[in-house]
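Number of protein chains: 2
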Amino acid sequence: MLEKRTPLNVQAAIERCIDQSQKMPLIDVSIEDSLGYYLAEDIIAAYDIPMFDKSPYDGYAIRSAASAGASGDNRLAFKKIDHIGAGSVSTSVLSDNEAVRIMTGAPIPEGADAVVMLEQTVETAEGFTLRKSFEPGENISRQGEECTKGEVVLTAGTKITPGVIAVLATFSYQSVKVRQKPTVALIATGSELAAADEELAPGKIRNSNGPMIAGLLAEMEMDTETYRVTADHYEHLLAIVERALSKHDIVITTGGVSVGDFDFMPAIYAALSADVLFNKVAMRPGSVTTVAAKGSQLLFGLSGNPSACYSGYELFVKPALKEMMGAANVHAPVIKARLAADFTKANPFTRFIRAELDMVSGTVRPAGFNKSNAVIAIARSNSMIILPGGTRGFKAGDLVDVMVTRLTDVAGTW
Amino acid sequence: MLEKRTPLNVQAAIERCIDQSQKMPLIDVSIEDSLGYYLAEDIIAAYDIPMFDKSPYDGYAIRSAASAGASGDNRLAFKKIDHIGAGSVSTSVLSDNEAVRIMTGAPIPEGADAVVMLEQTVETAEGFTLRKSFEPGENISRQGEECTKGEVVLTAGTKITPGVIAVLATFSYQSVKVRQKPTVALIATGSELAAADEELAPGKIRNSNGPMIAGLLAEMEMDTETYRVTADHYEHLLAIVERALSKHDIVITTGGVSVGDFDFMPAIYAALSADVLFNKVAMRPGSVTTVAAKGSQLLFGLSGNPSACYSGYELFVKPALKEMMGAANVHAPVIKARLAADFTKANPFTRFIRAELDMVSGTVRPAGFNKSNAVIAIARSNSMIILPGGTRGFKAGDLVDVMVTRLTDVAGTW
Numbered sequence: 001m002l003e004k005r006t007p008l009n010v011q012a013a014i015e016r017c018i019d020q021s022q023k024m025p026l027i028d029v030s031i032e033d034s035l036g037y038y039l040a041e042d043i044i045a046a047y048d049i050p051m052f053d054k055s056p057y058d059g060y061a062i063r064s065a066a067s068a069g070a071s072g073d074n075r076l077a078f079k080k081i082d083h084i085g086a087g088s089v090s091t092s093v094l095s096d097n098e099a100v101r102i103m104t105g106a107p108i109p110e111g112a113d114a115v116v117m118l119e120q121t122v123e124t125a126e127g128f129t130l131r132k133s134f135e136p137g138e139n140i141s142r143q144g145e146e147c148t149k150g151e152v153v154l155t156a157g158t159k160i161t162p163g164v165i166a167v168l169a170t171f172s173y174q175s176v177k178v179r180q181k182p183t184v185a186l187i188a189t190g191s192e193l194a195a196a197d198e199e200l201a202p203g204k205i206r207n208s209n210g211p212m213i214a215g216l217l218a219e220m221e222m223d224t225e226t227y228r229v230t231a232d233h234y235e236h237l238l239a240i241v242e243r244a245l246s247k248h249d250i251v252i253t254t255g256g257v258s259v260g261d262f263d264f265m266p267a268i269y270a271a272l273s274a275d276v277l278f279n280k281v282a283m284r285p286g287s288v289t290t291v292a293a294k295g296s297q298l299l300f301g302l303s304g305n306p307s308a309c310y311s312g313y314e315l316f317v318k319p320a321l322k323e324m325m326g327a328a329n330v331h332a333p334v335i336k337a338r339l340a341a342d343f344t345k346a347n348p349f350t351r352f353i354r355a356e357l358d359m360v361s362g363t364v365r366p367a368g369f370n371k372s373n374a375v376i377a378i379a380r381s382n383s384m385i386i387l388p389g390g391t392r393g394f395k396a397g398d399l400v401d402v403m404v405t406r407l408t409d410v411a412g413t414w
Numbered sequence: 001m002l003e004k005r006t007p008l009n010v011q012a013a014i015e016r017c018i019d020q021s022q023k024m025p026l027i028d029v030s031i032e033d034s035l036g037y038y039l040a041e042d043i044i045a046a047y048d049i050p051m052f053d054k055s056p057y058d059g060y061a062i063r064s065a066a067s068a069g070a071s072g073d074n075r076l077a078f079k080k081i082d083h084i085g086a087g088s089v090s091t092s093v094l095s096d097n098e099a100v101r102i103m104t105g106a107p108i109p110e111g112a113d114a115v116v117m118l119e120q121t122v123e124t125a126e127g128f129t130l131r132k133s134f135e136p137g138e139n140i141s142r143q144g145e146e147c148t149k150g151e152v153v154l155t156a157g158t159k160i161t162p163g164v165i166a167v168l169a170t171f172s173y174q175s176v177k178v179r180q181k182p183t184v185a186l187i188a189t190g191s192e193l194a195a196a197d198e199e200l201a202p203g204k205i206r207n208s209n210g211p212m213i214a215g216l217l218a219e220m221e222m223d224t225e226t227y228r229v230t231a232d233h234y235e236h237l238l239a240i241v242e243r244a245l246s247k248h249d250i251v252i253t254t255g256g257v258s259v260g261d262f263d264f265m266p267a268i269y270a271a272l273s274a275d276v277l278f279n280k281v282a283m284r285p286g287s288v289t290t291v292a293a294k295g296s297q298l299l300f301g302l303s304g305n306p307s308a309c310y311s312g313y314e315l316f317v318k319p320a321l322k323e324m325m326g327a328a329n330v331h332a333p334v335i336k337a338r339l340a341a342d343f344t345k346a347n348p349f350t351r352f353i354r355a356e357l358d359m360v361s362g363t364v365r366p367a368g369f370n371k372s373n374a375v376i377a378i379a380r381s382n383s384m385i386i387l388p389g390g391t392r393g394f395k396a397g398d399l400v401d402v403m404v405t406r407l408t409d410v411a412g413t414w
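Chains as they are written, first to last, in the UniProt record's numbering: chain D, 1 to 414; chain R, 1 to 414.
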């Protein structure tokens, strides 16, 4: 008797995965190791930035009052009384037409309230002359002009990028609170799969899903263990999944989720008493994608067809991993772009098409042969066209939804 | 006497860096370690994909001729003579109304030319009945329908993504030819800099450029060595740069490139007899960004101001690193977006503003306080607004150029 499955709307399926994703425990990581984690705490300015009034230029710190009346016909002379670089504090207190030679980043000496750029001066034996008057505060980077002590400068859930690391370093952080990354077990199933070091006997194909998903996880620097399936029967596979669950937060399988005679995953979810969140999604490819929860652990049953497997990862696994890591935003942006080629297939279910998006021109085209088992189009894609279910096909020039999965470089500058 | 520098147009400066970037030597990497490299060879299909006619569904392989005339009123009976999963080859040759129960991915048995999906059958003791006729080739994934042996499926210069790894795995690659990554020395200069483990004495600030650039390099998994500057004088810094050049392909310094009294980099380039490609770029911030070549080695002298340092890395270092690695495309895409806020400053030089791009709405806004020494806006940015030199400011709603530096997630699904 063939099992009947009720398809779930794809956004509802994504939401169900996220709702089920439990946040990982808090840990401290050193800022050098923090890249790719998400802030688990707001970052609050520990002091004003800049910390002190400073010079934004190489030049001379002066009292602006002393420059009053300066002009091309009336160059005023200043006397250099000190000379400081960044990192040094002048002990001088300026009066009258005194000046301190000062370099970019150095604190403004006491008594000074303006900075004359080197380019604006003519050197003399004693100091320099200038030909214009200066306003109080001119050419000074004011203490606190970027942010003041106590201000929230970055919020929890922000992805830690090199720019975030720069902020953490600025505020003297040596480590930062984040959420641990989930550890992942990766299991490619299917009796047709030959590993890279095995002979490609008749009827066999290479296991490409395993290396692909491992690569996708590596891009997020997830701690991943790949399990090798050595015999294609239920008991063996169940034992592997049980072993994986004993060690990992997430178990990703590829293949075995459909209704075929050798699709063991549905029986394995049952044997584990896992709560199946869905086993049919109203989408193509990958309608048989199944996600199950066992306590706080998630089991992602991705399709064995590469294009379906890839789409399932992008749609369900990636947002869930981010949610577990405490990300504020977990969804890939979906933008509008113009189809550069006809796509005439009807779409009973929402269709995802691996695509080449040209951000510069705002156009998009399928990245090649587009069946569920296609693999080359994945490699050529940086996005997925999303065609709503119930539509009869689209023409070149139509505006369509495009999920941007990857930022790709272009040939020329702007 | 103040040195006069002639500003170079920013695109010309970028081009000069790329022209000077020499391709790294060829190496073989295992496909597991190949992520983030660029293909140094075209990938040619070693065989047809699919390799053989196969079933895209779980069902029965039949002779289509035997289904002629089937209808709801005239269900035709088929006899199951074999049962195969993916990876198995049936030894049966079909005749008449014989059928082989076949699973997704399994090779089509001899004599069969169509596949009936399980859902289209009603099981009987001997096999099944069906109610529709099938065309020759119906529900068969044809050998070579995705690509044929000898076809170039991916070209040299393509970035190795998880999808590319899937293609390499498909064609039995265990390793692939790429260009080595350049090794990078990173040297943060400036007497005002306090390392994370040093006291923040008056006049000092934290070294944020070092950790930031290290993070940017880590995102490309570059082999980076950070050199610590322990004394701020010319001889010490020269010795460090010489040591770095003896070990690395690329030397990145931050700070010390301007015309200040403690800016030692210009003298160091001279002492090394390095060929200065430019030392002034018609851009804000970072106009003093300097790039020099010493044989095949490149020295990037980035500004000590964080926003300028960051922009210099994105504009000059990143494309050069990609060029050295053999990337076909090395430039970040520049798209059009609508300003969501006024930007009224005049732009004598081309201005780069760290910005928040909302790809979904197509709008962009400055990411915060926007002086050369700002750091928080870098952390909040995923792009840079590019305002051409010679313009007097822009208003909300104006269409501007935006360099997309980072793909950021969004709050909701489409």
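I should point out that these hints are in silico values taken from the structure, not numbers from a laboratory.
A couple of the hints might just be wrong.
Copies of the same chain look alike in the list, so a pair counts if it works inside one copy or between any two.
Derived DSSO-like pairs: lysine-lysine, alpha-carbon spacing no greater than 27 Å straight-line [stated by the list, open to error]:
(1) K280 with K132
(2) K280 with K371
(3) K247 with K79
(4) K247 with K345
(5) K395 with K336
(6) K23 with K247
(7) K336 with K159
(8) K294 with K149
(9) K395 with K247
(10) K4 with K371
(11) K336 with K149
(12) K79 with K371
(13) K177 with K159
(14) K159 with K345
(15) K371 with K159
(16) K23 with K159
A quick look at each hint next to the structure:
no. : hint           : verdict
1   : K280 with K132 : between (76 Å within a copy, 26 Å between copies)
2   : K280 with K371 : within (18 Å within a copy, 52 Å between copies)
3   : K247 with K79  : neither (73 Å within a copy, 47 Å between copies)
4   : K247 with K345 : neither (44 Å within a copy, 57 Å between copies)
5   : K395 with K336 : both (15 Å within a copy, 24 Å between copies)
6   : K23 with K247  : within (17 Å within a copy, 43 Å between copies)
7   : K336 with K159 : both (25 Å within a copy, 25 Å between copies)
8   : K294 with K149 : neither (45 Å within a copy, 44 Å between copies)
9   : K395 with K247 : neither (49 Å within a copy, 56 Å between copies)
10  : K4 with K371   : within (24 Å within a copy, 62 Å between copies)
11  : K336 with K149 : neither (41 Å within a copy, 36 Å between copies)
12  : K79 with K371  : neither (79 Å within a copy, 30 Å between copies)
13  : K177 with K159 : within (12 Å within a copy, 33 Å between copies)
14  : K159 with K345 : neither (39 Å within a copy, 30 Å between copies)
15  : K371 with K159 : between (34 Å within a copy, 23 Å between copies)
16  : K23 with K159  : within (15 Å within a copy, 33 Å between copies)
Hints 3, 4, 8, 9, 11, 12, 14 from the earlier list are contradicted by this structure; the remaining hints agree with it.
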